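Visitor: Listed below are the residues making up each chain.
Number of protein chains: 2
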Amino acid sequence: MTKLYAPNLHVALVHHPVLNKNNDIIASAVTNLDLHDIARAAKTYGVKSFYVVTPLKDQTALVAKVISHWTNGAGSVYNPKRRQALELIRVQETLEAVIEDIRNNSDHDKKPRTVVTSARDNHVNLSFSGFYELLKAGDPYLLVLGTAWGLSESIIVGADYVLESVKGNTKYNHLSVRSAAAIILDRVLGKID
Amino acid sequence: MTKLYAPNLHVALVHHPVLNKNNDIIASAVTNLDLHDIARAAKTYGVKSFYVVTPLKDQTALVAKVISHWTNGAGSVYNPKRRQALELIRVQETLEAVIEDIRNNSDHDKKPRTVVTSARDNHVNLSFSGFYELLKAGDPYLLVLGTAWGLSESIIVGADYVLESVKGNTKYNHLSVRSAAAIILDRVLGKID
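The listed protein sequences derive, respectively, from chains A and B.
Residue numbering for the first sequence follows the numbering used here, beginning at 13 and increasing consecutively.
Residue numbering for the second sequence follows the numbering used here, beginning at 13 and increasing consecutively.
One should not assume that every hint holds.
Derived list of chain A stretches under chain B, where covered just means 3 residues or more per stretch with a C-beta under 8 Å from a C-beta of chain B [said to hold, decoys possible]: (1) 54-64; (2) 91-100; (3) 176-183; (4) 187-193.
A short list of chain B residues far from chain A (calculated; beta carbon distances all over 12 Å) [unchecked claim]: (5) 49; (6) 73; (7) 75; (8) 83; (9) 106; (10) 137; (11) 149; (12) 151; (13) 165; (14) 168; (15) 191.
Since the hints were derived computationally from the structure, they do not count as laboratory data.
Everything numeric in this text was worked out from a predicted model, so none of it was measured.
Built from N, CA and C at the ideal position, the CB exists for glycine as well.
Just need the whole structure built from these sequences, with the hints factored in.
Guide: Okay, here's the thing in structure tokens:
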């Protein structure tokens, strides 16, 4: 397995529809450090764009403000490396709009295949190395991450692939989405051997 | 390589002495999500304790308040899984005090060997798989992570080992300490093969 330097990979962080702890469908609030951490991990692993998905207007405005501070504002001078990462961020209201945006910006008008993540093990049909093999072929893929208690069932059953979950070496599997995103990108793209 | 289910591993997150962007030695502020994310990753990978190192009294009080909320307060009822992770956190003023604390709580009065991380490549003398092999022998190890712009040179040269840095598949290497901690634990302890 050699390194894939320019994967045709996009990442989406979904804030609606996601679950709360009672399995109700909610729209979660955007967390500032999700933007920073996942953008930095995306930049580290050569991801093409990082979509923040929220239908809430005030949250869209918040994300725009954070991006602007670090890409044009005082933050871009203070820390140019941060700018390079946050430039990857796009905001869309729905996952469908993300897919359409990627298609519109692709060379051959191709829709990305969607790969969802779930801390649960139902429906899994793609391993980390399997995902790497798919990416090698060059077609666009969209890795979809959920906030709060995870993606709604509708998103999971509507996806092209369900990626295996990250397991450590204990029965505890409650990583933050920031940590899970970093580990998934590393497992799929970071290996040298 | 099989999984190591109960590594004799401790993690320390250092807020002093660390560097700022001008290479001055500073004491950084504690970030709430560092506590949550690294505690959750530590719990996922069977780490024995997670030390937060800060000499600042107000920061020590802040950490104590966060831990208390999630281990005894309203948070422990709202989210018991979070309690299990945050219970791993200890606070100490210096790295020396951490080492002494681990020795005092060990079965055979053994000091842990220290393994430091650095985004730079100087002094590296331990690979991820090499670290796994050391842990297999059962002696205590302390993985030392830096906040802000990284650990001071004094900590790096004083360590027993300098771990190889996390590289993705690009030249960009500016992961958050939360992401780096997750990836390091996964690379050292999370492999199944």
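Visitor: Cut-off 8 Å, C-beta pairs, minimum 3 residues; does the coverage of the segment 187-193 of chain A by chain B stand?
Guide: It holds: at least three residues are needed, and the segment 187-193 of chain A offers 6 whose Cβ sits within less than 8 Å of chain B.
Visitor: Just checking, residue 168 of chain B versus chain A, shortest CB gap more than 12 Å?
Guide: holds (21 Å)
Visitor: Would residue 149 of chain B pass as off the interface with chain A, using Cβ distances and a cut of 12 Å?
Guide: holds (17 Å)
Visitor: Is the Cβ of residue 137 of chain B more than 12 Å away from each Cβ in chain A?
Guide: holds (18 Å)
Visitor: Minimum Cβ separation between residue 83 of chain B and chain A greater than 12 Å?
Guide: At about 15 Å from chain A, residue 83 of chain B clears the 12 Å cut-off, so the statement holds.
Visitor: Would you assess whether residue 73 of chain B, listed as outside the interface, keeps its beta-carbon beyond 12 Å of every beta-carbon in chain A?
Guide: Check passes; 22 Å lies beyond 12 Å.
Visitor: Mind verifying the non-interface call on residue 151 of chain B? Its CB should be farther than 12 Å from each CB in chain A.
Guide: For residue 151 of chain B, whose nearest Cβ neighbour in chain A is about 18 Å away, the distance exceeds 12 Å, so it holds.
Visitor: Hey, does residue 106 of chain B actually stay past 12 Å from chain A on C-beta?
Guide: holds (27 Å)
Visitor: Mind verifying the non-interface call on residue 191 of chain B? Its CB should be farther than 12 Å from each CB in chain A.
Guide: violated (4 Å)
Visitor: Beyond 12 Å from chain A, beta-carbon-wise, is residue 165 of chain B?
Guide: Per Cβ check, residue 165 of chain B is outside 12 Å of chain A; nearest 21 Å; holds.
Visitor: Hey, does residue 75 of chain B actually stay past 12 Å from chain A on C-beta?
Guide: Non-interface label on residue 75 of chain B holds, nearest chain A Cβ at 17 Å vs cutoff 12 Å.
Visitor: Verify this for me: three or more residues of the segment 91-100 of chain A with a beta carbon less than 8 Å from a beta carbon of chain B.
Guide: n = 5 at 8 Å, threshold three: holds.
Going down the numbered hints, you'll see the structure goes against 5 and 15, while the others check out.
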